[in-house]
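Engineer: With the hints as your guide, set chain A onto chain E.
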Amino acid sequence: MLRSSVAVTIMVSLLPLTALVFLAIESMGMDWGSLLTNETWRDSFVTTIYVVSVSTGLSLVIGTWLARTVVQKGWRFLSSVLRLPMFVPHIAAAYLFWLLFTGMNGIGWIEANERNYVTVILTYIWKETPFVFLMMLGTYEQLNRGYVEMAKTLQLSPFDQFKHGELPFLMKPLLDSAWILIAFISFAYEIPALLGVTYPKLIGVLAYERLSTGLYLEATEPYAVALVWTCLVGIGVFLSYVLTASIRRRIERGVRR
Amino acid sequence: MIRQGLLICLTFIPFISLFFVVPSFEIENNMAIVHTIGLIVILSGINVWLSMMCAWWLLWTDSRWKHVIEWLVFLPLFIPMLATLFGLYLILAEAGLIGTYVGVTLALLVVTIPYSIRLAYNGMAVIGRPLLEQARILPSRRRVMYVLYPLFSRLMRTIALFTTVILLSQFALIQLIGAGLIPTVTTELYQSYAGNNRGLALSNTWMLILFPVLLYFLLSGWDRYMVRMLKGRLQ
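Going down the list, the sequences are from chains E and A.
For the record, in the first sequence the residue sitting at position 137 is 136 according to numbering that gives the first Met the number 0, with numbers rising by one throughout.
For the record, in the second sequence the residue sitting at position 212 is 211 according to numbering that gives the first Met the number 0, with numbers rising by one throughout.
Heads up, some of the hints might be wrong.
To be verified - Here are some chain E residues pointing at chain A (derived, C-beta under 8 Å):
(1) A91
(2) A92
(3) L98
(4) A182
(5) Y188
(6) V232
Note that these hints are calculated values from the structure, not bench results.
Quick reminder that beta carbons are idealized off the backbone N, C-alpha and C, glycines included.
For reference, chain E alone in the conformation it holds in the complex (with noise of 0.2 Å):
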């Protein structure tokens, strides 16, 4: 029964590699050039990369400080508490945050749905940040207080003391939340739907608009920006995980002496 569950799990797990290659076939008859020159796509792209690597950065920034906080104070209930914005559905909190800033109810400082995307990216950081921070958190917890403390005694800035004691352990959790993180938040639609503008849309939104409004299996250019999308950030991946490969191979081995 477990092989056959795992041959399952396999099977399902090919479908995603196998959908990649449906979007290849499909994306064949485009014609690359008017999609590269095209205004309106160049328009999402660059908002896309706006958004992504805002909230990306700072969920990765609060993430960390909150578990490296928590671990150090001892905040056990705090710890509780930052969990709970991952049990609400992103479409639920999209529609928080939409309740929030829109209407005579709402904070007036910004509109709901606005240019610079900024509810999108406060949605983005309170629903992915208690996913950062428990990436963390059991990495703070295991970690070796050693290297810190032999850091103070050498007399090193904090900054220093958190480069050299803390950073090269947290690099792992670090680049999977990243990239986990930049695969979900840059194609996605039900947040930046809600809470977007209708120019310039994030490419997830507009990729799928384009789908659904045309002829679904006729429209190569959706399935041609996210073959595109899919192949940059595997570069990405790829790119990093290479470059970082002998230090995260370093700590391993130390931590296993």
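Structural biologist: Same frame as chain E, but now just chain A:
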């Protein structure tokens, strides 16, 4: 203390919106609730089963394919969900599964299973091989009932919860693969939002938040009952 209080307030601020408008408490589409509950039960069950089995196999196997399979099951985490969805749409259209319950369930399984395996694998790694190794000397039924179930019950609850939250977050997937024929609470929320009916949209939002909460309490109660019963049997 002040810093802790401030962080708790920041976490809770978005929940204030739940009380801005009076929810309508009207249920427009009963089938949406039935479909949502059905999908939660089926997908949570399949996810818990497959992910626990796969993580267990990865933990103990000496196969030279271990690393390849490990990469293969975690790789979908790095593929954007909408890209997977577009490709799946093409595959399921070829198989004639668009607009069917099976197609939607399969697509949801594809997007949830990598997260579940990751959770199961990390959870088992935290419990550690030595403890699990001791359990392996017991006959399989006793091993599962008296050691593995109490050890993994919280992990299984987390997997079921995550599956539920991911499922409830999916509008594009259910709309595209279900071809608009399989309504869920999520698709209803979008329609009520587009129709500018705030009361109805808010009651759907309440439902989306309450489903995971209810599931959490149900599974916690079940866990507590089972562990108490098993302890009673051991005494």
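Engineer: Decide, hint by hint, whether the structure agrees.
Structural biologist: Evaluated hints:
Here the hint on A91(E) is kept, as its CB sits about 4 Å from the closest CB of chain A, short of 8 Å. With 8 Å as the threshold, the beta carbon of A92(E) comes within range of chain A, its nearest partner Cβ sitting at about 7 Å, so the hint holds. Nearest Cβ of chain A to the Cβ of L98(E): about 4 Å, under the 8 Å cut. The hint holds. A least Cβ separation of about 5 Å between A182(E) and chain A falls short of the 8 Å threshold, and the interface hint therefore holds.
The closest approach between the C-beta of Y188(E) and any C-beta of chain A is roughly 4 Å, which is under the 8 Å cut-off, so the hint is satisfied. The interface hint given for V232(E) holds, since its Cβ lies 6 Å from the closest Cβ of chain A, which is under the 8 Å cut-off.
Comparing the model with each earlier hint shows no violations; every hint is respected.
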